[in-house]
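Novice: The listed protein sequences derive, respectively, from chains A and B.
Residue 0 is where the first sequence starts when you use numbering that gives the first Met the number 0, and the numbers rise one by one after that.
Residue 0 is where the second sequence starts when you use numbering that gives the first Met the number 0, and the numbers rise one by one after that.
What the hints contain is simulated information worked out from the structure, not anything from laboratory work.
Keep in mind that a hint or two might mislead.
Said to hold, decoys possible - Label pairs and their in silico Cβ distance ranges:
1) 85/B <-> 779/A: 54 to 62 angstroms
2) 771/A <-> 437/B: 35 to 43 angstroms
3) 777/A <-> 445/B: 31 to 39 angstroms
4) 779/A <-> 437/B: 29 to 37 angstroms
All values reported here derive from a predicted model rather than from experimental measurement.
Yeah, the Cβ is synthetic: ideal placement off N, Cα and C, and Gly gets one too.
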Amino acid sequence: MSVHYHTAIRWGLLFALLLFVPEAEPQTAPPEGLRKNTPTVHAFVNGRIITAPGKVIEKGSLVIREGIIEAVGKKVKIPEDARVWDLKGMSVYPGLIESYSEIGMPKKPKPEKRDEPQSRVTSHESPVRGASYWNPTVQAHHKGAELFMPDTSEAKKLRSQGFTTALAVPTNGIFKGTSVLVNLGEGKANELIVKSQVAHHIALERNREGYPNSLMGVIALVRQTFYDADWYRKAHEVFTRNPKLPRPETNEALASLVDAIEEKLPFIIETTDELSLLRADRIAQEFSLPLIVRGSGMEYRRLNAVRKTRRPILLPVNFPKPPTVETPEDAYQVTLREFRHWDAAPENPKRLKEAGILFAFTSQEEDPGTGSGKSEHKEGKVFLDRVRQIVKRGLSKEEVLRALTTNPAKLFGVEKRLGTLEVGKMANFVITEGDLFEEKSKIREVWIDGKRYEVEPIPEVDPRGEWVVNVRIGQEEEEWTLTLKKDLDWSEKASAFLLKGKIKKEKHEEKLKRALLTRSKLKFVFSGDSLGHPGVIRMTGIVESPEKGETLEIYGRGEWGDGSEFTWSATRKVPFKPEREPLDSLPDKMASFPTVYPQGAFGRTRIPDQPEVVVVKGATLWTCAPEGRIENGDLLIRKGKIVKVGKGLKVPKGAVLIDGKGKHLTPGIIDCHSHIAGTGGLNESGQAVSAEVRIGDVINGDDISIYRELAGGVTSANILHGSANPIGGQNQVIKLRWGGTPEELKFEGAPPGIKFALGENVKQSNWGERFTTRYPQTRMGVEEIMRDAFRAALDYEREWKGGGKGLPPRTDLELEAILEILKGKRLVHCHSYRQDEILMLMRLAEAFGFRIATFQHILEGYKVADVMAKHGAGGSTFSDWWAYKFEVYDAIPYNGVLMHGEGVVVSYNSDSSELARRLNLEAAKAVKYGGIIEEDALKFITLNPAKQLRIDHRVGSLESGKDADFVLWSGHPLSSYTFCEQTWIDGRRYFDREEDRKINENNQKERTHLIQKILTLEIEKKKKEKEEWKKEWELE
Amino acid sequence: MEKGMGVGIMKKVFFFCNIIVLNLLNPLMTFSSDQIPGRRQERPVALVGGMIHPVNGETLKKGTLVFDQGKITAIGKEISIPQGAESIDISGKHLYPGLISGNTTMGLTEIGAVRATRDMTETGRINPNVRAEVAVNPESELIPVTRANGITSVVTAPRGGLISGTSALIHLDGWTWEEMTVKAPLALNVNWPSMTTIRAWWMEKSEEEQRKDREKALNELDLAMKEARAYWVAKKARGKVKTDLRWEAMIPVFERELPVVVWANEIQQIQAAVAWAEREKFKLIIGGGYDAWRVTDLLKRKDIPVLIGGVHRNPSRRWEEYDLPFALPSKLYEAGVRFCIASGGWTSNERNLPYHAAKAAAYGLPKEEALKAVTLYPAQIFGVDDRMGSLEVGKDATLIVTTGDPLEITTQVEMEFIEGKRVDLSSRHTMLYEKYQEKYRRLRED
């Protein structure tokens, strides 16, 4: 590339341009010192120009002026005032757009360590600076354009990967504020900013302390914030019309959201996995937000569900490192899920493309360990290497370029200015040697706003090749051979190009310890011992090119090991011929196995079939219905529903027949207290009242507990919020439809409920010394905070009924949920132990005109069973837990039976993913302790929990019209020696012990295969590196 | 329990009703106070006509078992009942040795969340000298509750740190801890440091921090052994040694009088513990042993028994079979590794020990083996099988009379003898049960 200066400037043309284009770099700041006005007209000729994805001009020209593309094409007239750059052998690409970064943004404060004393109470009563939202994680008013501070070193790193523009996103909060699109050149923020408000960012990231410290709390906060923004808009509209009204609060965060919604600014929700993406989609649907998702790289795991969202994705290119499998013991610590992800992750973009999803790449990666923290940009060529791997795994180069240029330009609303090399667009482009998406290609320079930024400087001379060296030792002369090789890589640290080489004298050979080229000066060091010159020899010389062509000469000096000096000269005999052989060092093999749901062990390629008709013949049927137990009974199922229960039923043609001889069949077990199948914490402990949080927002069908519990006969579970607060969050009843998406797991039509809690947990008795100030700290306070919430809900209702005058009422999701309780539309499931508190809550509820649906744990229920029965509360208890804390010292295993005896509907629950696997044996304890009949004992885990959850019209017994949810047992369901053979839900066989053995066998094979794949690749890689090295040093 | 279970259960319910009546007539029950320890056996007792399950021999139908002065004196079909003996008809009932629990903190902890009632973890990481038995609270309400389900004897052990202290085998009846103690010290308890790196979201420590923690713990354990050994050597050489209680307590371990229970679940912990015990020439028992089935060759070759730390547990790795913990005992059995089944160590629920064994039987372990795993095998592993673990002439009369298989939940324990003393089967639980039955009786009367 040579540069020629055209001195003749065509004033006329420039004048003409001035009419349309404002002066270069319009700025308000006065100049410091002299004005700098180097001409800005450049012409690039003879290059291969990729003007847009899929559009290539071989030997084309590109003209830019004032930072804007003036012309591009095969036959372009080069303006006379242009500096001409010869791009022979080079390619020009549109500048790449980094679609997510934190460049120039204030660093995120590090989370405080947990052991430091700090109250968990978020006090939003103490004053803070500015009119912000009450919760400090809502920072929607933060503007990237205000926060952005040019960061030269970070910009340089990004440029080295071909990026010319980046989206810069504030780092802090759940609502992080708005992002800004910046060019990655040097200069002030004023000059670099391309678009000052691109999108609002929401990170579904929880706090360690304070509210919200669970994912469901985060989602609840996001939801409430959008409601608040809506209210804020309305309230201020009303107030503007009628300033005599009480003044609504000023809130910059909400104001910013109001503006964004009106301007239809996109919202970018940052996700941590594919289920998180589905959650983001649901939030966007609820508030009709134009959503862009920041992806996780795991979208392929639920491709169909992801496709249905039709959301564009900012896709991190973050493939996991191969798991450690050096020893078999190491490999035990790796899940099949991790192995499979390692294998399939590089194919994610290709699969997304096939699913028709629009995406843009980002080099910023999620820290895979935490699912929340973010790592810094990786130095070096990691990003481009990975992009090249994506190409190898099937995504076309054209699509890759699209994901780095036109797609982000479109998503960020700058498609008229960026993304392609077209006339009128910004002069942002990349000059490479070789195809950008091939290995060994080099980015030489990038141009941003028409300014040149060198990435890897081009050496003034290329000294590689074979040299004859003449060394003068006194009067004598020695002839050596010098060979210089290697890529001539630029080293920032050494400010020099790196070389490798060897010195040969007769048959003796020495490798150069170090060889550098700085401008035209060559320096190298080697051991002279074998050449007959003891010690380390140092030599320097200037490379000269006396004539045009490839002949080169060196004149230099050196110093022997003994300190004496010498001079030398050299002439190049054979110039270096670079080999352009791509090196395959990374796996380009396709994923080894088809996708299973969920990813990893015991996943299935699809959900089990629902046969038209199923008949179980000859089993002992425990109907949990008036028929009681039927020996040698038959069960007929059609389309997932029980049709007939009886003896000697006819088997319709084509029915799937199951031999139940010698086996027992019971309804599916229903666990009325479970914390499985959720993600991001099911105990929002940041507030004493958190009725707004919803388990339904964080259901996770990938939890292996689902499968393990199926293997213990559980078919439905009540997923409850924890017991950290008197009024906890909203529960979610699920069916254990292993493999399903979160929405598919939900028990359709199950009435909504909420968790309450009493006693030691809510008054923080066992939380440690730090937790002594949150209200309430006594059982007295527990009653009061509940009463307060109920009264507030009634006040709230009145406010809404109040009529049109005044400020509009504000939707409060917490009070809405509490109001539903008071209206009897939301079931209360209350964690409780002691009789006093049990009685208290019943009386409180009665005073407000509603009933408690179930008391959970309720270990002293036996002391007030008569009151419970009268009140109508169910008792969902442990069979025999006790003495783990003071309030359960009076717990007795006869509790269930005593309550049952007084007419309370009693269930035994697990509260544990382990105990849930053997709830049938918990039921047996009702026979042991208190001696009720077996049929009634079994109802403690089937019909009774169904009644407590108000789903007994669907499940809980074997009766015509109910769902075909049942368990086939190897023997008597209350015997310790019995095991579960099959578990059916909706007439689908979700668990089958025989099938389980096969799945496991296949899983083991998969593990072995993938472990071998990793090991083989590592060995191949090492071998290739060695071969490469050998080839380089092969003696002729 | 296969066919006809229903009928069996109905019978059991019937029996159970009888027990309540019987218990009301039992002189022990006339006390309104807490449970009172059993009286020393004053005359021979003959249990007549029951099904005798000696555990290590043939089951005897309609047999008789006689014991005197706390020892079994005769077992058989046609045996003469000594003069003056109390003869108890147990026809239709079953006779088993008392169950032995290998992993508890019985008497050392009352209410988990109440600090004042926790005595199982001494401060510091190297505590070989602390002894469990001296802190056993004979008034613990957990004792009668556990005993009522046929568990006559438990290993109670200190917890925490690297070397937690020595455990004791205690009977679940007696006025003082001295009276209750069967054997102490029983074993030294060591917790092997975690050998793997956890990368889960909840892990607050980085991989590096975890690695450092591991190195630190291993070095600390190593150093302790070196210092203790130096003490032992100096002491043997009759050197002037100032007392160090920690190292003093290690001497029986070096002399192989006292076994070491190393709590190790993960394979690398087990491997490391075995290598460590080999080097130190310790008598080793692996506690926990989740991965023991992966190293059966090693355990068998060195004859290292495994104290299985609970069958009722979840697989520890996501990709493992759901029933792997259930099948662990049968895998060890098939490989010929010595083992016994303990619970997970949640002492207030210790009464559920037999169901851990039953779960193993549901998933492959022969039923007889499951029974041995909570009777004879723990006795053998802790070296008390000369006195307990089976019904044999000459062994202690520590036994239970039940309505059926004690591994079945629906079975009731009707009588229990510990060294010939008949013990009270009531508990805080039965007392509260009766109290509130009374409440509802009165309500109905009104």
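Novice: Run every hint past the structure and note whether it holds.
Specialist: Status of each hint after checking the structure:
1. For residue 85/B paired with residue 779/A, a C-beta distance near 56 angstroms keeps the hint of 54 to 62 angstroms intact.
2. In this structure the hint that residue 771/A and residue 437/B lie 35 to 43 angstroms apart at CB holds, the actual value being about 40 angstroms.
3. Here the CB-CB span from residue 777/A to residue 445/B is close to 34 angstroms, well matched to the stated 31 to 39 angstroms.
4. Look at residue 779/A against residue 437/B: about 30 angstroms separates their beta carbons, and that is inside 29 to 37 angstroms.
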